[in-house]
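S.K.: Residue-level listing of the chains:
Protein chains: 2
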Amino acid sequence: MATINKNYKKLQGGYLFTEIAKRTKDFMEKNPKVKIMRLGIGDTTRPLSPAVIKGLSKEVKKLSNEKTYTGYGDTEGNKKLRMALSLFYKKRNVDLNLQEIFISDGAKSDLANIQSIFGPGNVVAIADPVYPAYLDSTVIFGRTGEFVNGKYKGLVYMECNEENGFVPSPPKQKADIIYLCNPNNPTGSVATKKQLKAFVDYALKNKAVIIFDATYVEYISDETLPKSIYEIEGAKKCSIEINSFSKWAGFTGVRVGWTIIPMDLLVEKNKLNSLWARRQGCMFNGASNVAQEGALAVMSPAGIKENKNTIAYYMKNASIIRNGLSKIGLKVFGGEHAPYLWVKTPNNLSSWEFFNKLLNEAHVVGTPGSGFGSKGEGYVRLTAFGNRKDVEEAVKSIEENLKL
Amino acid sequence: MATINKNYKKLQGGYLFTEIAKRTKDFMEKNPKVKIMRLGIGDTTRPLSPAVIKGLSKEVKKLSNEKTYTGYGDTEGNKKLRMALSLFYKKRNVDLNLQEIFISDGAKSDLANIQSIFGPGNVVAIADPVYPAYLDSTVIFGRTGEFVNGKYKGLVYMECNEENGFVPSPPKQKADIIYLCNPNNPTGSVATKKQLKAFVDYALKNKAVIIFDATYVEYISDETLPKSIYEIEGAKKCSIEINSFSKWAGFTGVRVGWTIIPMDLLVEKNKLNSLWARRQGCMFNGASNVAQEGALAVMSPAGIKENKNTIAYYMKNASIIRNGLSKIGLKVFGGEHAPYLWVKTPNNLSSWEFFNKLLNEAHVVGTPGSGFGSKGEGYVRLTAFGNRKDVEEAVKSIEENLKL
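Residue numbers (our numbering), protein chains in the order written: chain U, 1 to 404; chain V, 1 to 404.
If you're looking for bench data, these hints aren't it; they were derived computationally from the structure. Keep in mind that the hints are not guaranteed to be accurate.
The list treats identical chains as one, so a pair stands whether inside a single copy or across any two.
Unchecked claim - Derived DMTMM-like pairs: lysine to aspartate or glutamate, alpha-carbon spacing no greater than 25 Å straight-line:
no.: 1; residue 1: 389; residue 2: 128
no.: 2; residue 1: 61; residue 2: 306
no.: 3; residue 1: 389; residue 2: 223
no.: 4; residue 1: 54; residue 2: 66
no.: 5; residue 1: 67; residue 2: 43
no.: 6; residue 1: 35; residue 2: 393
no.: 7; residue 1: 9; residue 2: 146
no.: 8; residue 1: 58; residue 2: 306
no.: 9; residue 1: 271; residue 2: 146
no.: 10; residue 1: 6; residue 2: 268
no.: 11; residue 1: 79; residue 2: 95
no.: 12; residue 1: 9; residue 2: 264
no.: 13; residue 1: 10; residue 2: 336
no.: 14; residue 1: 197; residue 2: 306
no.: 15; residue 1: 396; residue 2: 66
no.: 16; residue 1: 269; residue 2: 400
no.: 17; residue 1: 10; residue 2: 268
no.: 18; residue 1: 61; residue 2: 390
no.: 19; residue 1: 67; residue 2: 392
no.: 20; residue 1: 197; residue 2: 377
no.: 21; residue 1: 91; residue 2: 264
no.: 22; residue 1: 271; residue 2: 392
no.: 23; residue 1: 33; residue 2: 390
no.: 24; residue 1: 10; residue 2: 163
Predicted, not measured: the structure shown is a model, and the values here were computed from it.
The task is simple: from the sequences and hints, build the whole structure.
M.R.: Written as structure tokens, this is what we have:
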């Protein structure tokens, strides 16, 4: 008799975006003439840049011709793309060889699937609040106990709060796998070199492995802040870095990312790089060749320049939201090195109460911070990914209609 | 201290294609003027069809424009594509609703990752010989013991041999998860309705789950043979079907597949469909939108017709290989409903001995059958995926130069 993986039963919710959709729909049905403005979406809205379109089209054309058609690519990814990434890191004084870079179909899959190469008893640490995929995959892989009083047993939570500027400190207790999202989704906070060094030191001392989600590093505007964990000495001995073209170049639908596992990263004397190569060889057949050619174009001089402009566009949105909300007395964090704004609810409202208030009074949809962890309670996440006109309209509506 | 998943240590080889490459390279270095002909590659070589190119180009264009750009799609896939698949199955008298269809980035990922939704104690059965991904993922998920005398402890092997026409029978012992590859890679064999019914009956009786890999069904030329496990009564209560556009439409590099989990499929009263939806929601972000639009074009009337022609092209290759090798007295199986030919080695040669003979005498590279399991010993796999001229040349060389 087959049986199920009972860890799935421990998973909570998945209710967050469903509940947002439900409340929004209810409001729209009761107020059919009101225009709803969305500031809660973590999805890109700007078109792909001309260089990227050219790259994608080139590959499509190639596939149409018998002489240039190619089938399976290397599981670890297009060699030219890995070379381009290697050069890209070199500019940040990070030396990587091609075997250390694995092209993926996006950060999410690898952030979750990477758990396959670790043993069953490893203790996982995550920030609170944080992007939910780390947590859910940890539960599915059986590395937590039951969910009791808002927390999973056996999981280490690293608190992010106003006092620590929403940048967590390394755990006080034992942890073997540490997920770091930097810049952080949902708080928009970013760590300094010193703050990242504390994690690297912890990992080296405790023989732990850091899984560094660098999805938003291209939004970092201060050049003194680290954009790769490998800018920290010793990080190659304890860190996996996972990144994506999704938020950098609008690849949320196109799907290409990459994962770096340095050859120096040993666990119980085993190269994690070799284990992951084996995992991918057996369970993955490479990212789409069309998409990879688009990613290669992102890394061309034209692609870099064009996508810098797109990021500047989103970050201008962020500053519009930040300024508008600050002006009416709301406390706003983030939005300077990340496309996320973390808004403290006024008058000690709960996340959902403030969500309702924003919806009912200003017709703006945000995302309740409590959906990202218990320490997200009392906040709402807004995002800068909208169309400029929509963002301006939403901010204006908040300024004019929110009763504080 | 972090630890590794020790199951990786149990994995054997991965040596097959490396060893083939090594022996081929050695031969080429010793015989620099000799032209090597490859009949061992399981990769497509024909260009994408015009309808598919049109579909891909349409989506690329869409992504270039602010008004038509889209980011994240549904994790479960493009709705139009799922509707097209649902209609496609309806023509085979299989009713599926959209929630039962999940679009993937190819069959391999899902064939492996599907193990995530099952409990730790499940016993897995695989055919011998068979495509190695089922085996390796079973090992990684910890569902086997050590590898002793050419077999994994705890794994059930279903023998395929000349007597049973290379179609296995359901296991005599207990098995909870049964991988079926039909038509089979590497033997090219295909099951009748009666043979599949025996598996469905076994699964229903033993509350086992069949994972049906249908990657090659479009190569089935006899309309009375089943192309979906759901053509068998009761299969919806015990079977997951996994398929791909890779071999049907040349998507080996483009990467789109699909997985069907019927709502009626319950394990311990749980819908496997819901567990998989949760798994994918947490660990996958959808197949590339460009690639999915290409897949949708495969399913258009023009796409269906064009890709039928491509399959006919490959199957003509298969018949050329089959006829040529039979003519000189070799015993050839498969190649009638699958792009694979399973050649019995003459004079009781081992798979590798015959591989060497083909290489040295005819300059043709095949794949030793022993690489697909112990029961593949004494066979070599040839494939029909080559260019016509190359195939003809290779067969002619075998006919003229092989010393039997």
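S.K.: Take the hints in turn and mark each one as holding or not.
M.R.: Here is what the structure says about each hint:
no., hint, result
1, 389 <-> 128, "neither (33 Å within a copy, 62 Å between copies)"
2, 61 <-> 306, "both (23 Å within a copy, 17 Å between copies)"
3, 389 <-> 223, "neither (29 Å within a copy, 57 Å between copies)"
4, 54 <-> 66, "both (21 Å within a copy, 16 Å between copies)"
5, 67 <-> 43, "between (38 Å within a copy, 15 Å between copies)"
6, 35 <-> 393, "within (10 Å within a copy, 68 Å between copies)"
7, 9 <-> 146, "within (9 Å within a copy, 30 Å between copies)"
8, 58 <-> 306, "both (18 Å within a copy, 22 Å between copies)"
9, 271 <-> 146, "between (32 Å within a copy, 21 Å between copies)"
10, 6 <-> 268, "between (29 Å within a copy, 10 Å between copies)"
11, 79 <-> 95, "within (16 Å within a copy, 43 Å between copies)"
12, 9 <-> 264, "between (37 Å within a copy, 19 Å between copies)"
13, 10 <-> 336, "neither (36 Å within a copy, 48 Å between copies)"
14, 197 <-> 306, "neither (32 Å within a copy, 57 Å between copies)"
15, 396 <-> 66, "between (56 Å within a copy, 23 Å between copies)"
16, 269 <-> 400, "neither (61 Å within a copy, 53 Å between copies)"
17, 10 <-> 268, "between (30 Å within a copy, 16 Å between copies)"
18, 61 <-> 390, "between (36 Å within a copy, 24 Å between copies)"
19, 67 <-> 392, "between (51 Å within a copy, 18 Å between copies)"
20, 197 <-> 377, "neither (28 Å within a copy, 54 Å between copies)"
21, 91 <-> 264, "within (21 Å within a copy, 55 Å between copies)"
22, 271 <-> 392, "neither (50 Å within a copy, 45 Å between copies)"
23, 33 <-> 390, "within (17 Å within a copy, 67 Å between copies)"
24, 10 <-> 163, "neither (32 Å within a copy, 48 Å between copies)"
Checked against the numbered hints above, the structure breaks hints 1, 3, 13, 14, 16, 20, 22 and 24 and satisfies the rest.
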